[in-house]
Amino acid sequence: MGPFTQSAGTAFRLIFSADREVFAAVWTSVSTAGWSTLIASLFGLPIGMAIGLSDFPLKRLTVILLNSLMAMPTVVLGLLIFGLLSRQGVLGVLGLLFTPKAIIVGQSLLAIPIIANYSLSAVRAADARILPTALTLGASTVQSFTQLTNEIRFGIMAAVIAGFGRVISEVGVAMMLGGNIRWYTRTMTTAIALETSKGEFAFGLALGIVLMLISFSINVGLSFMQEEQQP
Amino acid sequence: MRLRTAAFVLVTLLASLGAPAQERLRMSTTTSTENSGLLKVMLPPFEKQCNCHVDVISVGTGKALKLGETGDVDVVLVHARKLEDKFVADGYGVNRRDVMYNDFVIIGPAPDPAHVKDAKTSAEAFKRIADTKSTFISRGDESGTHQKEKEIWAETGVTPQGNWYRSAGQGMGEVITMATEQRGYTLSDRGTYNAFRHGKTDLAVVFEGEKGLFNPYGVIAVNPKKLPHVKYDLAMKFVDFITGPEGQKIIANYKVEGDPIFFVYK
Amino acid sequence: MRAPFYHLAGVEARYRDKTALMVDELALHGGQLNVVAGLNGCGKSTLLNVLAFLMQPTQGVVKFSGKRVRWDRAQLRELRQSVTLVHQEPFLFRGSVASNVSYGAKARGISGYALQERVRKSLELVGLSGFESRNANRLSGGEARRVALARALACDPEVILLDEPIAYVDELSTKIIESLLVASVDRGVLVVVSSHDPTLGVRLNARTIRLQQGRLVQDSEAQEMYAIQSPEGSVYAIL
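Heads up: the protein sequence lines correspond to chains A, B and C, in order. Just so you know, the numbering used here puts 160 at position 160 of the first sequence, and the rest follows in order with no gaps. Just so you know, the numbering used here puts 47 at position 47 of the second sequence, and the rest follows in order with no gaps. Just so you know, the numbering used here puts 157 at position 157 of the third sequence, and the rest follows in order with no gaps.
No lab work stands behind these hints: they were computed from the structure. Backbone N, C-alpha and C fix where the C-beta goes; we use that ideal spot for every residue, glycine too. One thing to keep in mind: the hints can contain errors.
Stated by the list, open to error - A partial selection of chain A residues facing chain B, derived with a Cβ cut-off under 8 angstroms:
id, residue
1, L38
2, F98
3, K198
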């Protein structure tokens, strides 16, 4: 228990002394994860819901593909995007590599399959009467889908929360595409990797505890948005 | 209430969009160089002088040079002479300059089961390790340290293989940790070893001082003729700084727990 | 004689590889109360879904107010403004009773005080005055059915379709619903109600259309009866 309590102590010391470097890493983690989740939701939710609601010949294959993409190793995705964003790559002219934007690109792609998959499940589990009820009351297609999304709000938020969890905890993409640059693209996870490589296990663990606390607080906020309303 | 939370989230996110105003110089270097902590001391005065930011990307030697080849960085700081020369010869780099040096040491468990301490040359030391089949951890990642290790093995005429020879494929820090856990030997740069010496490893230096274990560092600007978008002027400013009187002084004075890590050329 | 609200000709609808509905000809007029009777699985719900423009028949022509239904999205949205269907087990959206009852009216562009009034009136009609702020998912079965009915009434449609509105419903709700249907018809609304209760049509003095295995086998309005098929396949003709 010794090393853990030591790390816990260090973690609280870091938080209360508002250590600038740690704060910078936390901010980078949270903002890249935040943007990535937002972008991934904008793509993933409609994709997942569309697949869930429609019927087409390759549907089964598409769902299997989606499931497999969820398990994409972060280093592999990082590698693929690295190839695209590098100066030698197709998108090299954008000069995005080793900037926070590159991390956001990678993490968004990481989260899309997860959010799509969870929202697909939410839609599948939805009451079959929702859409026809909205339609028969005169709603447009868009309005009826909006109502459907509202009715399965819990499942939709679960998708978003799952996506956020995936990206704030990952290392592979952030390391490859961000480069772990101090003050700039160093996230909590890449910082932990760095400390570990330096043999600073206790400090690495302390950073991990700080990250978990941040994650917990954010999830409290997210679940607040998820909660059932009591009119 | 939900709307306010969402609005708060959006405003916070938008705040993170603030673009940095200063110019950024990108430098790739090795993990051991960054882990030594030298750059934390070297870069702030340079950044002030040039009114710029230096983005340091620390990776394995191979990747550090590759980033130079693709122009993803503007300047490279590594310690692998043969690879550096090739980098320049192939036209990717210009104005290679010597910056500093340190040396490699062979570290191992204090009881020294392979009797490396009695060896006269590094090659002999390695041979003793091979003969006793003592655990040896190799970097295995084509880094400068790994290149040096391979050179020594070549001198012994022995091809290291077997359960005792473990190729880690990781950075120096991780390899020292591994050697510590498995009570084995490894070749390390002195800088990283010194950083680990106080509390993170109980391995001791069992061989040092040979001319062949000399570990020179070079800084190279990426060739603007081949990769026109690189920030050549800024890169040269850095090259001049680190090889100039101010930079050299910082290197010479840099110590970790009282031990110097790098040495400058007289 | 007014143009029939609905005219179905040669309409066939399939449901999961089974032909659920086969109607050679059927006309429905406004201001009329129709009961579609038959056992479970006879095609009542399918017919209502077609009339509600929620299900497209695989064959045949459906005309509404003299115009042929092309089943494209734009036209359907327009048609659905005039017709509303209340499911057998109605789904109430999460939220308050008021938000449910106002849903259809809102979709038709009504807002503000006019909307409030409509909600209040609709709830009054179903005997649930004051229920506006109640949680829609915490109502008894009968109350929920009545809210769904109020929601349909608030749309002020020309056609109201109800799938088994009084099956397993308490006596009070039954009375309210039945009197409301009659009142709607008096206002000129076309009402179609499905039921497995064969006496409902008599009780409400309504036209009864009987379905059996998707086919129209009896129409109290028609002069002659359609051929009735018994399970063994033999045919009877009754005059």
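To see whether the hints hold, each was checked on the structure:
no.	hint	result
1	L38	7 angstroms, holds
2	F98	6 angstroms, holds
3	K198	5 angstroms, holds
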